[in-house]
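A.B. asks: In order, the protein sequence lines correspond to chains D and W.
By this note's numbering, the letter at position 137 of the first sequence is numbered 137, and the numbering carries on one by one without gaps.
With positions in the second sequence counted from 1, the corresponding number in this note's numbering is that position plus 257.
Hints in this document: simulated from the structure, not taken from any laboratory.
Treat the hints loosely; a few may be bogus.
As the list claims (entries may be wrong) - Distance ranges between label pairs, derived from CB positions:
#1 W:VAL546 - D:GLY157: 17 to 25 angstroms
#2 D:ALA122 - W:GLU304: 54 to 62 angstroms
#3 W:GLY554 - D:GLN75: 28 to 36 angstroms
#4 D:LEU32 - W:HIS516: 22 to 30 angstroms
#5 W:GLY603 - D:LEU32: 53 to 61 angstroms
Claimed, not checked - Residues from chain W that keep clear of chain D, each with C-beta distances beyond 12 angstroms, as calculated:
#6 TYR288
#7 VAL301
#8 PRO350
#9 ALA371
#10 THR402
#11 ARG487
#12 GLY500
#13 ALA525
#14 GLY554
#15 SER562
#16 THR592
Backbone N, C-alpha and C fix where the C-beta goes; we use that ideal spot for every residue, glycine too.
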Amino acid sequence: MRDSPRPKLAVWKLASCDGCQLTVLDCQDELLALAAEVDIAHFTEATTTDLPGPYDVSLVEGSITTPADAERIRQIRADSRTLVTIGACATAGGIQALRNFADAAEFSAAIYARPDYVASLATSTPVSGHVPVDFELRGCPIDKRQLLSVLSALLAGRQPRIPGHSVCHECKLRGTACVMVAHGTPCLGPVTQAGCGAICPSFDRGCYGCFGPMATPNTAALVPELMRLGTAPGDVRRVFATFNAAAPGFRDVRPKP
Amino acid sequence: MSADSESRGPAWLLPASGLARLHDSLREAGYQVIGPRVVNGAIVLRELSSADELPFGWGVTLAPGGYRLRRRADHAAFAHSAGPGSWKQFLHPPREQLWSAHRTPDGGYSADSAAASDAKLAFIGVRPCDLRAIQIQDQVLGAPTHPDSTYASRRSSVFIVAVNCTEPGETCFCTSMGTGPRAGRGYDLLLTELTGPGDHTFVVEAGSAAGEATLAGLDLRPADPGAMRRAQASVSEAAGKMGRTMHADGLRDLLARSHDAARWEDVASRCLTCGNCTMACPTCFCTTVEDVTDLSGDHAERWQSWASCFDLDFSYVHSGPVRSSGESRYRQWLTHKLGTWHDQFGSSGCVGCGRCIVWCPVGIDITEEVAALQAELGGPEAGE
């Protein structure tokens, strides 16, 4: 079909657990189709191939936690036509952004025999805090269908379309009765961005907010309801301080006891 | 199917055990029978493989942001108010493919419109508020000027077994909206459930030729005057047992002059803009359309899915959303539902089912918001 050379796709890892890269590999039925459309130029988790840039599309997993990564992301940006960040670490700093609310040097001193060997930054920050990002894909990990839809859009030269509305949309579309209303289960769905397909509520659990804040999260309005359903004030802060602890909308949740 | 059932024909008595015969006869007539069923702590609408799956003996306790099943003292099958779902999930599905297209080897393309389902649906247990909601969606999606063809095709074969409401819930206000508790027109069969010591029967009336034909096969005896009186009394009493009231007069004009009301900011401070109210509402009909391609670019599809006016994308135009604040989005929803709906479709868009109150995770109560606007803005004369 294609006369021009195939686009070059690179997958990069910064501070992360590799789960989002695994989601790329988890596209089992679509992997051959993907490999037919792009040249995979760099993807350490999948191949030893390491082709030089420029890259048409770079998928970046992980947050910036070291001076070396802060340098590296600038080079990746310079080498990439389109840069897509994948997952809570790359888009919000990840669970490791808990250090932003504490003293990272103190952690280092408590854990490592020679903390002076460790070159790390005081904060964990999203890629967008360092370089311009063309598109952000949320989740811990990302959703395979959303990844494929973004890649398909980019290959076709159109804008990816990923809704910024709440997880509630997905519960309603799949016919899951609201776990907050029907069961009294605290749930972050109303302030969390859709994309996972509302997996947790469909298994009778509240949403954990792993896709981060929806487009217009009114967390201040949700917090009293979480407490009414039995969540202790300290636990309210904790439930927001997970995968997207540093995301605007989640990081400032301070329940009044 | 049923055009007008204003004129009431003879009434019959159906013992509770006869629901199985009714269900089976609809199945034998080729219908996929859908009705209320207890699933995971809620009474939802699902395909019923047997009338035994109806929620016999289950009731509900409703509150703003709260829904709990409870055991009833009797075996009533339909005394449970509106649940999380509504009939729109079958007539106007949450997600639907409109067409697909494929690139052909010669460089052209071929397109297929999505095949309309030929399933015939029978709805058992349609409450009067929801019967009216179906008619409102008929007007929006099935109106002859520009019908949604897949909606119209699904709708044309629907068989409706309505049930008069004899036990409104804590969040119900159908009498305020003029939609219940007695069912208006539009049903094929209408049941009134009678429960008492050692008694569980239904008074049945037909509202269409199809309904009459179905009844003829059930071999029923005519309803005696006593049963008729009990049926009428229980529906009349229900009208006085609504948990909520909305003063619906003049709402169109009130909302037209509500643009700068202080109440919008107040409700926006509580509103999650999550969109639950719009999707639980049996009349909200808005959709969005998305074109998708596969990785090869050789296959494209167009999908329609429910959209919500609480979504930023809903009013997105060049350079951004028109309604970016929570105030403006809640105002849009309420103003359309209770105000401009009259201009657009000749009636209110609210049927008083109370779903938006119950399924709002923070319990925002539409009747309370309307009362507050009325208090703030005064009566119709205040705006003259």
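A.B. asks: Taking the hints in turn, state whether each one holds.
C.D. replies: Outcome of the hint check:
1. W:VAL546 - D:GLY157: 17 to 25 angstroms: For D:GLY157 against W:VAL546, whose Cβ atoms are near 20 angstroms apart, the range 17 to 25 angstroms holds.
2. D:ALA122 - W:GLU304: 54 to 62 angstroms: 58 angstroms, holds
3. W:GLY554 - D:GLN75: 28 to 36 angstroms: 30 angstroms, holds
4. D:LEU32 - W:HIS516: 22 to 30 angstroms: 56 angstroms, violated
5. W:GLY603 - D:LEU32: 53 to 61 angstroms: For W:GLY603 and D:LEU32 the Cβ distance comes to about 55 angstroms; the hint holds.
6. TYR288: 21 angstroms, holds
7. VAL301: 6 angstroms, violated
8. PRO350: Nearest chain D Cβ is 9 angstroms from W:PRO350, so the label is violated.
9. ALA371: 17 angstroms, holds
10. THR402: 28 angstroms, holds
11. ARG487: 33 angstroms, holds
12. GLY500: 16 angstroms, holds
13. ALA525: 8 angstroms, violated
14. GLY554: Violated, because the least Cβ-Cβ distance between W:GLY554 and chain D comes to about 5 angstroms, which does not exceed 12 angstroms.
15. SER562: The assertion about W:SER562 is violated, with a minimum of 7 angstroms to chain D.
16. THR592: Since the minimum Cβ distance to chain D is about 19 angstroms, W:THR592 lies beyond 12 angstroms and the statement holds.
Going through the hint list in order, the structure does not satisfy hints 4, 7, 8, 13, 14, 15.
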